[in-house]
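Sequence lines, in order, name chains A and B.
To convert, take the position in the first sequence, counting from 1, and add 55; that gives the numbering used here.
So in the numbering used here, spot 282 of the second sequence is number 275, and the numbers just go up one at a time.
I should point out that these hints are in silico values taken from the structure, not numbers from a laboratory.
Cβ coordinates follow ideal geometry from the N, Cα and C atoms, glycine included.
Incorrect hints may appear among the rest.
Computed beta-carbon distance windows for the label pairs [said to hold, decoys possible]: (1) A:N509 x B:D146: 33 to 43 Å; (2) A:I133 x B:E520: 52 to 62 Å; (3) B:L149 x A:D541: 16 to 26 Å; (4) B:G102 x A:P563: 24 to 34 Å; (5) A:I409 x B:D146: 45 to 55 Å; (6) B:G428 x A:G152: 40 to 50 Å; (7) A:P563 x B:G427: 27 to 37 Å; (8) B:L149 x A:G152: 26 to 36 Å; (9) B:S126 x A:I409: 44 to 54 Å; (10) A:N509 x B:D36: 42 to 52 Å; (11) A:I133 x B:A57: 30 to 40 Å; (12) B:G427 x A:V475: 28 to 38 Å; (13) A:E229 x B:G122: 50 to 60 Å; (14) A:T248 x B:L149: 25 to 35 Å.
With a cut-off of at most 20 Å between alpha-carbon atoms, the simulated SDA-like pairs for lysine to any residue come out as follows [said to hold, decoys possible]: (15) B:K423 x A:T528; (16) B:K92 x B:Y47; (17) B:K437 x B:D362; (18) B:K114 x A:N527; (19) B:K454 x B:K423; (20) A:K512 x B:D134; (21) A:K258 x A:N326; (22) A:K507 x B:A135; (23) A:K230 x A:T248; (24) B:K114 x A:N530; (25) B:K114 x B:D134; (26) B:K423 x A:N527; (27) B:K464 x B:K486; (28) B:K107 x A:N530; (29) B:K423 x A:I400.
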Amino acid sequence: MMKKIKYIFLLLILAFQFTACNDWLTVLPENEQVSDEYWTSKEEVEAVLGSGYVYLRDAYQKLFMWGELRGGSIYSRIIGGGYGEDLQSFQVTPDDGDLVSWAPLYKVINMSNSVIANAETVMQRDETFDEAVMNSYLTEAYFLRALSYFYIVRNWRDAPLILEPYETDKISYEKANSSEADIIAQIKTDIATALETGAAKEKFEEDWATKGRATKWALHALMADVCLWNEDYPTAILHCNEVLDASSAFRPVFVTDPTKWIELYYPGNSNGSIFELNWDDITFDQTNELSTAMGNAAPAYTYTSQMLLDWIDETEETGVDYAVRSIYGSYIPDVDGDNYTDANIGYIWKYSGIGFQEQQRVENDANFIIYRVADVMLMKAEAMILNSSDVQSWTVAVELINKVRTRSNLPEIEPVLAEVSEADMLAFVLHERNMEFAAEGKRWYDLLRMGKRNDFKYRNQFLVETVVNYNNTANPAWVRSVLNTDDALYLPIETSELENNRLLVQNPYYQVLN
Amino acid sequence: MKKYLLFCMVFLIVFSCDDPYENDNFVVYDLDPAATYLESRQDEFSKWIDILKYADLYNAVNQASKSFTLFVPNNDAVDAFLAKNGAASVTDLDPEYAKALVRFHVIEGEISQKEFLIGGKLTKTTISGDYLSVSFDDSGDAEGGINSVYINDEALVNELANTVTNGFVYTLNDVLTPLVETVYDRLNENESYSIFKEAVEATGWDETLNTVYDTVQTEFGGTTVLKKNYTMFVVSNSTFGDAGVSSLADLAQKVEASADYESSDNALNQYVAYHLLSSSKYITDLLSFSEGDSTAIWSTLAPKQVLSTHDFSGSYYVNYDVATSSGIGLVSDKTDMPAKNGILHEVDSYMPVFAPAPRTVIWDVADYDDVASVVNEYGASQELGDIYQTAQSSEYWIAFHDNDAIESYYNLKVNSTSADYPQLGYLVTKSSDGGATNSYGAYKNDMLIVNLGYLGTVSMKSPVLLKGKYKVELYYASAGSLAPFVSGGSLCKVSLDQTNNEVYVYDGAAASVGIYDMVLFDEVDFEETDSHEFKIVLLDSRATTHNKYRLQLDYVKFTPIND
Chain A
56 MMKKIKYIFL LLILAFQFTA CNDWLTVLPE NEQVSDEYWT SKEEVEAVLG
106 SGYVYLRDAY QKLFMWGELR GGSIYSRIIG GGYGEDLQSF QVTPDDGDLV
156 SWAPLYKVIN MSNSVIANAE TVMQRDETFD EAVMNSYLTE AYFLRALSYF
206 YIVRNWRDAP LILEPYETDK ISYEKANSSE ADIIAQIKTD IATALETGAA
256 KEKFEEDWAT KGRATKWALH ALMADVCLWN EDYPTAILHC NEVLDASSAF
306 RPVFVTDPTK WIELYYPGNS NGSIFELNWD DITFDQTNEL STAMGNAAPA
356 YTYTSQMLLD WIDETEETGV DYAVRSIYGS YIPDVDGDNY TDANIGYIWK
406 YSGIGFQEQQ RVENDANFII YRVADVMLMK AEAMILNSSD VQSWTVAVEL
456 INKVRTRSNL PEIEPVLAEV SEADMLAFVL HERNMEFAAE GKRWYDLLRM
506 GKRNDFKYRN QFLVETVVNY NNTANPAWVR SVLNTDDALY LPIETSELEN
556 NRLLVQNPYY QVLN
Chain B
-6 MKKYLLFCMV FLIVFSCDDP YENDNFVVYD LDPAATYLES RQDEFSKWID
44 ILKYADLYNA VNQASKSFTL FVPNNDAVDA FLAKNGAASV TDLDPEYAKA
94 LVRFHVIEGE ISQKEFLIGG KLTKTTISGD YLSVSFDDSG DAEGGINSVY
144 INDEALVNEL ANTVTNGFVY TLNDVLTPLV ETVYDRLNEN ESYSIFKEAV
194 EATGWDETLN TVYDTVQTEF GGTTVLKKNY TMFVVSNSTF GDAGVSSLAD
244 LAQKVEASAD YESSDNALNQ YVAYHLLSSS KYITDLLSFS EGDSTAIWST
294 LAPKQVLSTH DFSGSYYVNY DVATSSGIGL VSDKTDMPAK NGILHEVDSY
344 MPVFAPAPRT VIWDVADYDD VASVVNEYGA SQELGDIYQT AQSSEYWIAF
394 HDNDAIESYY NLKVNSTSAD YPQLGYLVTK SSDGGATNSY GAYKNDMLIV
444 NLGYLGTVSM KSPVLLKGKY KVELYYASAG SLAPFVSGGS LCKVSLDQTN
494 NEVYVYDGAA ASVGIYDMVL FDEVDFEETD SHEFKIVLLD SRATTHNKYR
544 LQLDYVKFTP IND
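With the rest of the complex left out, here is chain A (with noise of 0.2 Å):
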């Protein structure tokens, strides 16, 4: 009996021991992919590719607060929902958690590293994997990358730039920061190799993928934004034009035709579209919250006042019937369509309607638009506007902005060159993008980038009268106060960054936060 006590007592230890620290002996490395068990075919580049996507996919409503709500155009109704309130009251700290988090940038720059890292190898690998289908994947790792890095210099302006994935241990974590100039010169260079081997595609097979992926077109379109917030005027307009005045039968057009002005969301992918990012309920089940949190059932954001009152003289000098931009397309009032003079909220329609009046889509996958041609057309008019001042010049930028205006059904600009200013012509322009892009994540960088151009030129003008006049719900003197401040421009590093990664530095305009 008392030996079976024994037994018993040492199996009850001996099982014990077994199951203590069971992972530890188990679990192969979590933090070191298995390089040489990975990269084998070409499949597996176009899988980490396609995560590159999914993660900048997944950042949307990061992209749509950023660029959304501190230009005061757009605002969160709820306080303490995640939907980014600290941003609108210039109150960001880097405790702010996600809402300052780059981690979803670095995330879809992990992938294109890995790409641009391990393509050469694979093509050793496989032998299906041809020389130009792997020059072709570049070009969409080096776009993916870039635009990463331009989300980032936008909103941090300073960053570490990480060049190579992070696939084993050995690569050291803790990189400082990059200055603003350094990350652009890389975003151009990144740009400029995927252009020059010439591998870039026009069109895809599947016609969502031609918006849905990097197109030639979309390399294109964002240098043409890198240089003109890096106010490189020339090689802008060259980039523009590359996709204006574009012949191949694959290329984006502007569609002139008022009535299809709503296809640009719905249903999406559109002529118009350069490259958005792609959801489909149907196909894929892949659903997102663009027409919930915006909408006119309790959503999370609307226009602010002073952008209500936009629309609804937009909504006058075209009338409702003919109001393809603004009520019913852009927004929806609060009262009834023929009382829209009375509204007290603008509600965003972009991503709820389908159609003239009141109709509404039934599945929640809009996409989110990043370039389209009207955007290409207007950064080439303010291009054109600062590039010279010469009458030609101004012409082409007022042909360009009246060619948008025109198919939203409103009057043409008539500006008399001779005596406007370049301020009255890059206001013509501001207006146009605030109206064309409304809620399309690009407000807050055209203010900042006006603003701070020329050594801050028009900063009061632009910039900061122009989100006082906006702004909602921010005391106007504590607005004056943040943006007259360079640093406050920028969003801090986050915390946990700056914990993680000891050769960071905050910006010195958060370092006296507690």
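With chain A's structure known, arrange chain B on it following the hints.
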């Protein structure tokens, strides 16, 4: 047995766990209560600690059971402050003053950085009972944003919201100057107001103007402390000089006063009272008019006397006289002078008692000074700040039961009621646009709730109305729950002094949220300038039986009728 143990030991050694975090360091965040936290930063804040100790409030702000927000000036700031006050060290300060100073720098309750940076008046008072206000330097000259945040336009905030276990510590570059002077003190300290000051003393108004808090007994033996506020239109000696007045005796003669200055009938007494309003009115308040109007009438503390303020396309006047096309001006830089219990504005005339021409008068039936105090006290207790006449993010119904201060305005006869509303109360409206508009569209964002049961009665005093004939209209609120009363209306008897009328409130309104109006009297004739007794008797039996019955009164409008 030993054998088994040995066996086990060997196994234990072989399978012992590795600590995966063995070589990692972890940061432990130590947090202290407020005063201890300051001790840990002795070299920066030792002098303020000295003041805290000297004022005997050091341990108070270290309590764990309460939370505080401390505003702590650094050593340089304290040195500059002491030098300015001619004190060599902290102990040279008057202990009472030191206490007042510290109380002005401490808020009970937490103000987070987010709340703080909203700007404007903070929603919680300091322990001294004052509201601090936050502003920003938006000139663009200095580093902006969090580097240019000021309190009371006086002290630059160095660090925002350091977390301590019992709240937050904000550090300041300057000491805040507490507001301790009363309206009377302000008169007293300024030599150029000596004649007016003597008049105030001679007539006995000095005691009133020195009162900050008034303790009122409630029905059941409790007490309520009410904050008193005044607005004074003060006259300088040189302005008196222009009117040929160089002494108190001259002034008494000028206004034809007899010697019994302390009597309320006395002309000098009335003259002083005519320069006083019984609430704090900043210039912006005095110059905010009802829609489309440019003149406002204000009841003064002189019985049956009013003064008027005007904004004629940017030119501001007091008591503009159409007959002479002239008015009294406000002396620039000498307006909005703050005191603990009110505001002073200097006028550029000696401002005798004057009867302005009859005007449309909008009487907000909840606009009484102590109502404001009671409502704001409730707001402070709910950490909402001053909510009187200020729309909030949600609606508040504040009951006025058994409050002597309130019942001195509203004379009540209460019967039983089934409705779950205050018998008499104050409604703070809700705003969904940050206070710009309210959901009812109510004037001044408030309403008076009346729910006194069948045959219940409320009577109240109107503001002073200039003699003449008026049309009288009532503006009241309706709502969906009032649908049963909207059809057919709800009978009330209304009276102004001896003039009666029976009216059906809600008749003609819709059963949806909004403000509606009805005529109470087509014409009443006031034979003299005075205030009047306005009375409502609820003659609808549903006032007792229906659980949704109540009146929500917004205002009464008196429109002069010119013959």
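### Query
Which numbered conditions among the earlier hints are violated in the structure presented, ordered from lowest to highest?
Violated hints: 6, 14, 19, 23, 25; rest satisfied.
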